[in-house]
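> Hey, can you work out the whole structure from these sequences and the hints?
As they're listed, the protein sequences go chains A and B.
Heads up: the first sequence is residues 1 to 377, going by the numbering used here.
Heads up: the second sequence is residues 378 to 636, going by the numbering used here.
No lab work stands behind these hints: they were computed from the structure.
All C-beta atoms in this analysis are idealised placements derived from N, C-alpha and C, irrespective of residue type, glycine included.
Among the hints, erroneous ones may be present.
Stated by the list, open to error - If you anchor each label on the Cβ, the simulated ranges turn out as follows:
#1 A/Phe340 <-> B/Phe502: 30 to 38 Å
#2 A/Ala373 <-> B/Phe502: 41 to 49 Å
#3 B/Lys561 <-> A/Glu117: 45 to 53 Å
#4 A/Leu303 <-> B/Lys582: 36 to 44 Å
#5 A/Phe340 <-> B/Glu530: 53 to 61 Å
#6 B/Lys561 <-> A/Ala232: 43 to 51 Å
#7 A/Leu303 <-> B/Ala512: 49 to 57 Å
#8 A/Phe340 <-> B/Lys582: 52 to 60 Å
#9 B/Glu530 <-> A/Lys39: 41 to 49 Å
#10 A/Pro273 <-> B/Lys458: 47 to 55 Å
#11 B/Ala584 <-> A/Lys328: 54 to 62 Å
#12 B/Asp400 <-> A/Ala235: 53 to 61 Å
Stated by the list, open to error - Under the rule of at most 20 Å between Cα atoms (straight-line distance), these lysine to aspartate or glutamate pairs were calculated in the EDC-like manner:
#13 A/Lys47 <-> A/Glu25
#14 B/Lys409 <-> A/Asp58
#15 B/Lys409 <-> A/Glu8
#16 B/Lys576 <-> A/Glu8
#17 B/Lys568 <-> A/Glu25
#18 B/Lys548 <-> B/Glu530
#19 B/Lys561 <-> A/Glu22
#20 B/Lys537 <-> B/Asp414
#21 A/Lys106 <-> A/Asp58
#22 A/Lys265 <-> B/Asp404
#23 A/Lys265 <-> B/Glu391
#24 A/Lys265 <-> B/Glu399
#25 B/Lys561 <-> B/Glu428
#26 B/Lys458 <-> A/Glu7
#27 B/Lys524 <-> B/Asp540
#28 A/Lys142 <-> A/Glu117
#29 A/Lys47 <-> B/Glu428
#30 B/Lys575 <-> A/Glu8
Said to hold, decoys possible - A few chain A residues that don't get close to chain B, going by computed Cβ distances all over 12 Å:
#31 Asp18
#32 Val29
#33 Ala64
#34 Ala103
#35 Pro111
#36 Val194
#37 Asn215
#38 Pro219
#39 Leu325
#40 Glu344
Below are the chains, spelled out letter by letter.
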Amino acid sequence: MNFELTEEQRLIGQSARDFGKEYLEPIAVELDAKGEFPKKVVQALAKHDFLGLLLPEDVGGAAAGFVSYVEVIEDLSRYSAAVASIVNNHTIAAYTIQKWGTADQKKKYLPGMAKGELLGGFAIYEHGPTPGVGPDTLVAKKQDVGYVLNGKKAFVRNAGEAGVYVVFATTDPALGAKALTAFLVKSDAIGVKVGEKLETMGLKGCPVADITFENVVLPETALLGAVNGGAAISATALAVASVAEAAQTVGIGQAAVEHAAAYAKQRVQFGKPVATLQAIQTLLAEVATDCHLARLGLRNAALLIEEGKPFEVEAAMIKSFLARLGSKMLIDTCQVEGGFGYSETMPLPRLFRDIAGTNLLDAPGDFPEKLIAASIA
Amino acid sequence: MPKCLVCYKWTLDEQDIKIKSEDLSLDSSRAKGKISDFDRNAIEEAALLVEKNGGAVDALTYGTTTVKQSLKDCLSRGPEKVYWISDATAGNADASVTANVLAAAIRKMGQYDLILCGEGSSDQFNQQTASRIAALLGLPCVTFANKLSYEGETAKATRKLEDCQEEVSVKGPVVISVLSEINKPRIPSLKQVLGASKKPNEEIKVADLGLKPEDLQPKAVRKSVKGFVMQRKNVIYKESSAADNVAKLKASLASEGLC
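So this is what it looks like as structure tokens:
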């Protein structure tokens with residue numbers, strides 16, 4: 001058993017850290033303040049192969065594997081979780097096309113997605129009585145040839161910037177989730193309307209909006225996977241995404257604890273740095289421990305994904321773990337920095353908002369404990 | 378089209394080294410390795426020269442058993458091949474031993490038009506490797522280069538000196554040491570990182586270099602290393618007027634010869 005990263009994984013992580021320092025650190029505050037989509041950064045991400053990380057070489061990807069991917073997401077998140085979120089949402093769309101797409105679909109979309117010329121988005125959530133993944137309001141009506149989409153998807157990340165969306169719609173509202181079907185919809189298809197950008201608490205710069213589909217005519221070739229096979233696709237894709245989002249949470253937590261530790265070493269109280277006080281040491285130690293354990297857990301889940309083994313229970317465990325401890329990391333690190341930590345002149349408030357965005361926005365009605373319990377009882 | 382060789386050192390990342398408060402000794406037990414900072418500039422400069430002029434870049438390194446960890450990092454930054462020398466003598470080698478080993482290896486490897494080094498290493502910063510290699514190989518040496526170009530068979534360099542800049546033109550082969558400001562080392566893309574595994578590397582044994590035992594004997598021996606910790610004096614002036622506080626501060630600084 002080996003917990004060490006391979007040399008390539010370590011070097012890829014180093015590239016992501018260097019990228020974060022050079023490209024993300026200088027813009028993170030402005031991105032948080034203005035929330036404008038960072039186009040130049042996305043181009044630079046593509047140039048360094050981060051947008052095609054998971055894709056195979058024959059479509060221009062780097063085929064670096066899922067362990068490398070979570071390493072990259074953690075390292076980018078240390079500097080800007082908003083940018084990491086853009087990458088995550090793009091990558092999960094690309095992953096879905098790679099895994100379930102036909103040869104023609106892969107040829108049509110993936111080379112552009114690997115190069116960053118075509119950004120991806122994942123449209124799964126809906127407004128409604130039960131928040132979260134919804135099969136109710138977006139309907140795909142079968143025509144003689146193809147389908148017509150009518151309805152709305154909610155909280156779509158990369159909305160307005162993506163060139164292609166993986167969209168989940170029901171072919172029969174009476175059947176609910178059993179009729180959920182995945183489609184590939186280009187952003188310029190007639191009838192696709194991106195709503196007003198949602199002002200969010202955190203992850204500003206990664207655009208979030210509803211998308212309305214009004215009589216959007218799709219050819220048969222837009223169908224992704226089997227008719228009524230969308231539930232299985234979305235379950236797997238969201239489980240994969242949850243591991244990447246765990247890496248995002250750990251990256252934010254790591255940035256917070258490193259900042260708090262540096263602050264504690266230079267902040268003097270009672271004649272000595274507060275880092276020497278037991279209460280402060282306890283807070284820092286607990287956050288560092290949570291980050292470390294979460295990192296081990298998510299790397300384990302990532303390795304299972306990479307090796308094609310069942311990973312859903314481990315992914316649910318890490319999601320449950322960080323749902324409890326993610327925000328606590330920020331509460332504790334703010335506590336270390338006291339009044340200054342609460343100030344917007346420090347990075348912790350931004351990190352606080354970003355960790356909330358990471359933990360809250362994705363599948364808020366989700367219940368990972370159900371899957372974990374089912375695996376043991 | 379220049380044939381370039383870059384010599385680099387695999388050092389500990391100083392950010393990971395802790396100073397033990399009890400005796401100021403260094404704890405490097407958790408320190409990771411890295412290519413010495415200025416050497417990364419040398420690798421980048423060679424890669425840029427070859428991208429512009431054609432030619433080829435090889436790399437050469439000498440270190441302890443950990444030096445093998447550097448190969449993929451180096452190869453992801455441009456060189457086509459890396460030669461590596463892993464030997465226990467590197468553990469306490471001074472600049473003289475390092476240069477003896479590297480120069481002997483270069484003689485064995487063949488002729489290069491440009492041999493680039495960083496101006497100094499991140500750990501010891503002796504600033505001697507380039508000039509010693511040049512002396513041992515009988516080649517001209519250009520130090521403190523912050524600009525470099527190559528035309529025909531001639532290298533043109535700008536040397537940044539204390540009070541002036543000096544333009545130098547030198548026909549290769551030549552040894553050149555570069556400053557950090559000469560370029561910004563690239564961030565290897567993922568494909569460059571993964572492609573590094575497919576590039577060749579070759580081990581050179583010290584025993585095969587024809588060196589005498591005295592060539593591997595350091596002349597400067599490091600007896601100890603201690604960290605430096607800035608101590609605050611915690612002096613607070615509590616006079617009622619700002620002018621009195623400033624006067625006291627000024628007197629205090631003057632008593633220590635600081636103003």
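> The structure should be examined with respect to each hint, and the outcome stated for every one.
For each hint, the structure was consulted:
| no. | hint | result |
| --- | --- | --- |
| 1 | A/Phe340 <-> B/Phe502: 30 to 38 Å | holds, 36 Å |
| 2 | A/Ala373 <-> B/Phe502: 41 to 49 Å | violated, 59 Å |
| 3 | B/Lys561 <-> A/Glu117: 45 to 53 Å | violated, 26 Å |
| 4 | A/Leu303 <-> B/Lys582: 36 to 44 Å | holds, 37 Å |
| 5 | A/Phe340 <-> B/Glu530: 53 to 61 Å | holds, 60 Å |
| 6 | B/Lys561 <-> A/Ala232: 43 to 51 Å | holds, 47 Å |
| 7 | A/Leu303 <-> B/Ala512: 49 to 57 Å | holds, 52 Å |
| 8 | A/Phe340 <-> B/Lys582: 52 to 60 Å | holds, 56 Å |
| 9 | B/Glu530 <-> A/Lys39: 41 to 49 Å | holds, 44 Å |
| 10 | A/Pro273 <-> B/Lys458: 47 to 55 Å | holds, 49 Å |
| 11 | B/Ala584 <-> A/Lys328: 54 to 62 Å | holds, 58 Å |
| 12 | B/Asp400 <-> A/Ala235: 53 to 61 Å | holds, 57 Å |
| 13 | A/Lys47 <-> A/Glu25 | holds, 18 Å |
| 14 | B/Lys409 <-> A/Asp58 | violated, 34 Å |
| 15 | B/Lys409 <-> A/Glu8 | holds, 15 Å |
| 16 | B/Lys576 <-> A/Glu8 | holds, 13 Å |
| 17 | B/Lys568 <-> A/Glu25 | violated, 24 Å |
| 18 | B/Lys548 <-> B/Glu530 | holds, 6 Å |
| 19 | B/Lys561 <-> A/Glu22 | holds, 11 Å |
| 20 | B/Lys537 <-> B/Asp414 | holds, 18 Å |
| 21 | A/Lys106 <-> A/Asp58 | holds, 10 Å |
| 22 | A/Lys265 <-> B/Asp404 | holds, 18 Å |
| 23 | A/Lys265 <-> B/Glu391 | holds, 18 Å |
| 24 | A/Lys265 <-> B/Glu399 | holds, 17 Å |
| 25 | B/Lys561 <-> B/Glu428 | holds, 15 Å |
| 26 | B/Lys458 <-> A/Glu7 | holds, 18 Å |
| 27 | B/Lys524 <-> B/Asp540 | holds, 17 Å |
| 28 | A/Lys142 <-> A/Glu117 | violated, 31 Å |
| 29 | A/Lys47 <-> B/Glu428 | holds, 17 Å |
| 30 | B/Lys575 <-> A/Glu8 | holds, 12 Å |
| 31 | Asp18 | violated, 4 Å |
| 32 | Val29 | holds, 21 Å |
| 33 | Ala64 | violated, 5 Å |
| 34 | Ala103 | holds, 23 Å |
| 35 | Pro111 | holds, 14 Å |
| 36 | Val194 | holds, 30 Å |
| 37 | Asn215 | holds, 41 Å |
| 38 | Pro219 | holds, 34 Å |
| 39 | Leu325 | holds, 24 Å |
| 40 | Glu344 | holds, 28 Å |
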